Amino acid sequence: MELQTTWFILWGLLWAIFFMTDGFDFGIGTLYPFLGKSDTDRRMMMNSIGPLWDGNEVWLITAGGVTFAAFPKVYAVMFSTLYAPLLIILFALILRGVAFEFRGQIHSTGWKRIWDAGIFIGSATPALLFGVVFANIFRGIPFDSNGLYHGNLLMLLNPYGALGGALFMTLFMLHGANWLAIKTTGDLHDRSVATAGKLWLLTVPLAILFLGASFFATSLYDNYFRYPALFLVILVTVVALLAVRYFIVEQSFFKAWFASAVTIVGATFFGIAGLFPTLYPSIVDPGASLTAFNASSSPLTLKIMLLVVAVFLPLVIAYQTWAYNMFKGKLTEHELEY
Amino acid sequence: MDPVFLSRLQFAAATMFHFLFVPLTLGLSAILVYMETKYARTGDETYLRMTKFWGKLFLINFAVGVVTGITLEFQFGTNWSRYSEYVGDIFGSLLAIEATAAFFLESTFIGIWVFGWKRLSAKAHAGVMWLIAIGGNLSAVWILMANGFMQHPVGYTIRNGRAEMTDFTALMLNKFALLQIIHVVPSAVVLGAFFVMGVSAYHLLKNQHVDLFTRSFKIALVFGLVSSLTVAFTGDLHAVHVAEVQPAKLAAMEAHWETQSRAPIVLFALPDEEAGKNTWELGSIPGILSFLGFHDFNAEVKGLSDFPKDERPPVLITFLGFRTMVGLGTLFILLTLVGFMRRNRLMESPGYLKIMLWAIPLPYIAIEMGWVVAEVGRQPWIVYGLMRTSEAASPVAGYQVMVSLIAFILVYGLLGAVGFYLMTKKAIEGPEPTTELETV
Numbered sequence: 002m003e004l005q006t007t008w009f010i011l012w013g014l015l016w017a018i019f020f021m022t023d024g025f026d027f028g029i030g031t032l033y034p035f036l037g038k039s040d041t042d043r044r045m046m047m048n049s050i051g052p053l054w055d056g057n058e059v060w061l062i063t064a065g066g067v068t069f070a071a072f073p074k075v076y077a078v079m080f081s082t083l084y085a086p087l088l089i090i091l092f093a094l095i096l097r098g099v100a101f102e103f104r105g106q107i108h109s110t111g112w113k114r115i116w117d118a119g120i121f122i123g124s125a126t127p128a129l130l131f132g133v134v135f136a137n138i139f140r141g142i143p144f145d146s147n148g149l150y151h152g153n154l155l156m157l158l159n160p161y162g163a164l165g166g167a168l169f170m171t172l173f174m175l176h177g178a179n180w181l182a183i184k185t186t187g188d189l190h191d192r193s194v195a196t197a198g199k200l201w202l203l204t205v206p207l208a209i210l211f212l213g214a215s216f217f218a219t220s221l222y223d224n225y226f227r228y229p230a231l232f233l234v235i236l237v238t239v240v241a242l243l244a245v246r247y248f249i250v251e252q253s254f255f256k257a258w259f260a261s262a263v264t265i266v267g268a269t270f271f272g273i274a275g276l277f278p279t280l281y282p283s284i285v286d287p288g289a290s291l292t293a294f295n296a297s298s299s300p301l302t303l304k305i306m307l308l309v310v311a312v313f314l315p316l317v318i319a320y321q322t323w324a325y326n327m328f329k330g331k332l333t334e335h336e337l338e339y
Numbered sequence: 268m269d270p271v272f273l274s275r276l277q278f279a280a281a282t283m284f285h286f287l288f289v290p291l292t293l294g295l296s297a298i299l300v301y302m303e304t305k306y307a308r309t310g311d312e313t314y315l316r317m318t319k320f321w322g323k324l325f326l327i328n329f330a331v332g333v334v335t336g337i338t339l340e341f342q343f344g345t346n347w348s349r350y351s352e353y354v355g356d357i358f359g360s361l362l363a364i365e366a367t368a369a370f371f372l373e374s375t376f377i378g379i380w381v382f383g384w385k386r387l388s389a390k391a392h393a394g395v396m397w398l399i400a401i402g403g404n405l406s407a408v409w410i411l412m413a414n415g416f417m418q419h420p421v422g423y424t425i426r427n428g429r430a431e432m433t434d435f436t437a438l439m440l441n442k443f444a445l446l447q448i449i450h451v452v453p454s455a456v457v458l459g460a461f462f463v464m465g466v467s468a469y470h471l472l473k474n475q476h477v478d479l480f481t482r483s484f485k486i487a488l489v490f491g492l493v494s495s496l497t498v499a500f501t502g503d504l505h506a507v508h509v510a511e512v513q514p515a516k517l518a519a520m521e522a523h524w525e526t527q528s529r530a531p532i533v534l535f536a537l538p539d540e541e542a543g544k545n546t547w548e549l550g551s552i553p554g555i556l557s558f559l560g561f562h563d564f565n566a567e568v569k570g571l572s573d574f575p576k577d578e579r580p581p582v583l584i585t586f587l588g589f590r591t592m593v594g595l596g597t598l599f600i601l602l603t604l605v606g607f608m609r610r611n612r613l614m615e616s617p618g619y620l621k622i623m624l625w626a627i628p629l630p631y632i633a634i635e636m637g638w639v640v641a642e643v644g645r646q647p648w649i650v651y652g653l654m655r656t657s658e659a660a661s662p663v664a665g666y667q668v669m670v671s672l673i674a675f676i677l678v679y680g681l682l683g684a685v686g687f688y689l690m691t692k693k694a695i696e697g698p699e700p701t702t703e704l705e706t707v
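Chains as they are written, first to last, in my numbering: chain A, 2 to 339; chain B, 268 to 707.
None of these hints come from the bench; they were simulated from the model.
Mixed in with the good hints, there may be bad ones.
Said to hold, decoys possible - In silico DSS-like cross-links for lysine-lysine, where the CA-CA straight-line distance does not exceed 25 Å:
1) B:Lys693 <-> B:Lys305
2) A:Lys256 <-> A:Lys329
3) A:Lys113 <-> A:Lys199
4) A:Lys329 <-> B:Lys390
5) B:Lys305 <-> B:Lys485
6) B:Lys323 <-> B:Lys390
7) B:Lys473 <-> B:Lys319
8) A:Lys329 <-> B:Lys692
9) B:Lys576 <-> B:Lys621
10) A:Lys113 <-> B:Lys693
11) B:Lys544 <-> B:Lys323
12) B:Lys305 <-> B:Lys385
13) B:Lys385 <-> B:Lys693
14) B:Lys693 <-> B:Lys544
15) B:Lys485 <-> A:Lys113
16) B:Lys485 <-> A:Lys331
17) B:Lys473 <-> A:Lys113
18) B:Lys692 <-> B:Lys473
19) B:Lys305 <-> A:Lys113
20) B:Lys693 <-> B:Lys473
21) B:Lys485 <-> B:Lys576
Unchecked claim - Derived DEER-like restraints, expressed as beta-carbon distance ranges:
22) A:Leu316 <-> B:Lys442: 23 to 31 Å
23) B:Val670 <-> A:Tyr247: 22 to 30 Å
24) A:Lys329 <-> B:Asp311: 41 to 49 Å
25) B:Ala674 <-> A:Asp145: 25 to 33 Å
26) B:Ile673 <-> A:Leu158: 21 to 29 Å
27) B:Ala389 <-> A:Phe255: 50 to 58 Å
28) B:Ala279 <-> A:Val240: 45 to 53 Å
29) B:Lys442 <-> A:Lys329: 46 to 54 Å
To be verified - Here are some chain A residues the structure puts well away from chain B; computed CB gaps all over 12 Å:
30) Glu58
31) Phe144
32) Thr302
33) Tyr325
From a predicted model like this one, the values you see are computed outputs, not experimental measurements.
We put the beta carbon where it would ideally sit given N, CA and C, even for glycine.
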């Protein structure tokens, strides 16, 4: 396989892993004010992801870094044209990060309330905006061949973009509710399971709508009709989404969480496969679209980075798996650090 | 509203704010490695309480450092897209390696460290702190490698209208980057050591937790003495290399205008950048600048007047920044030497302890000034000799950058205030009375 194609797939994979891992953190943060009735509930929710979220967030930095290294022109044009939404996401992530750390430092209701709001805003905002931004990328962004953006922040909230935002947010919340079902006990557990069930009912119509709207609003399906084997991506995603429901009913919450993870990776790849070989399409000037072939780094850099990724990613996955494994099982009240 | 100027302000504010927290993460992690390893090997409970106390401060500081670091990685794209496109082939890969090979390690294991007290043996838990410290310091190494390319680009060729990598090994062996690494990493240890000594001095002056803080002080003292000597030594090596490859920066560091041999050093001066001379000077010693730059009293040192006006860095800031850094660096050696002589009579040296308490901010100032000298002194280039800062910004509207700049100032101002408040509060509270693993 050509270097650029390999890197295109890796690029999609890293974003997908980020959505899959930090996705349930975002989901739990979004559910936080709704499911966290008491202080103990809230601490349970925070501690359910406490040891993991920091490592999960690095997938974003790696996805961004790899975009920079492998496709510098995409990194340059994508992030400067998405200036406003990206900075809003970054400020939200700042808020979320410090809220986790600061909330427990002072035992006063007012203080905790501030950071409770921080956790919610800091999680819900990226959950929504990542969906909006990626749906807009699937659709095409109004930029010209000089990398100039012809639009504003509100234009991203076109119907397809808004639908993408709603779908991502719901999926992340479903994914988060599944995680809470694994980690918690008692009343919080029961409410998490019930919420997961309701969120699933919301996800299904949103997913159908998104698949349908993609036909009209984007040209993603061109690739699918050219290479019908790609429909497997959609098939796997749909089966995974159905499996979420099955495993929730079966009370196999780890399997339900795994299925929602596959759904998120599948949903990301639904778009990535449709985009290929384009990473960042322009909706106003197709000639300005950035592809794996016109926006990549030099072959030497791509080779060196491939070596780096081949050595370190398996290592990262190994120690992160070890960490997940170390903190598996139900949370108990006497091991709450936050 | 000029987006280039605003982007520069924003990047400077974001970097300098981030760099208030990073050095403590690096320096304190090294000291924590020592403390926790000591606990794992001896089982002495004091070391455990010590680790937990300094660890608490470490974590608050770490949180602010991490969140402000993420914005930096993305600002190259949001605000400096022309730069990113031009050198991404090289610079981008170094940042990506930093995330993959170093930052992952630090971030994954920090969660394990916080939550893993009961799930890991004392030895394994100390091992996790080793990994955090290694990950954090490796991150610094890769970031300085990337910065080294901006300071002194090597291993590239201009092809396809951009800089493309031709020699990865040359990039790894970039002398400028290596000198920065051996100068900056120990200076973070100086900062961490002065932080530990200062907070310990506070409690010793109050006569509380004397055993724990005497030991903390002495541990930090050794780190502080060794690192401040190292910083001075590597700083000298670094200056010699700057004289060779960035003569304009050296001239600005010294407000040196006319090319001459036996070039003098001035203790203080007020440079007039328009007129191209110093309005007044104080204490000029001949030959010293030649010696500092080239280790030869008679060497010729190029003056700023020999550079076209549009290739001179801002002189006043670079000059003052350098003076402050060197002055403080010298003070750190003196303070740690005094401490070393009094190490067994700390409780009888309240004057010295008071000085050490008030010395906590000084390494912060010194390290920020070092960064200013490195970055402002590199101007007008974003990549020395290759690309000008004025050509590097994104084609975004000025008002957008204005809005984000204001947001940065507000958010970071608030973050800084809360972080400072919490650190102070927790530092004053002191360690937990006894070690109860149950109630961390």
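Could you tell me which of the hints above the structure violates, numbers in ascending order? 3, 8, 9, 11, 14, 15, 16, 17, 19, 21, 23, 24, 27, 30, 31, 32 and 33
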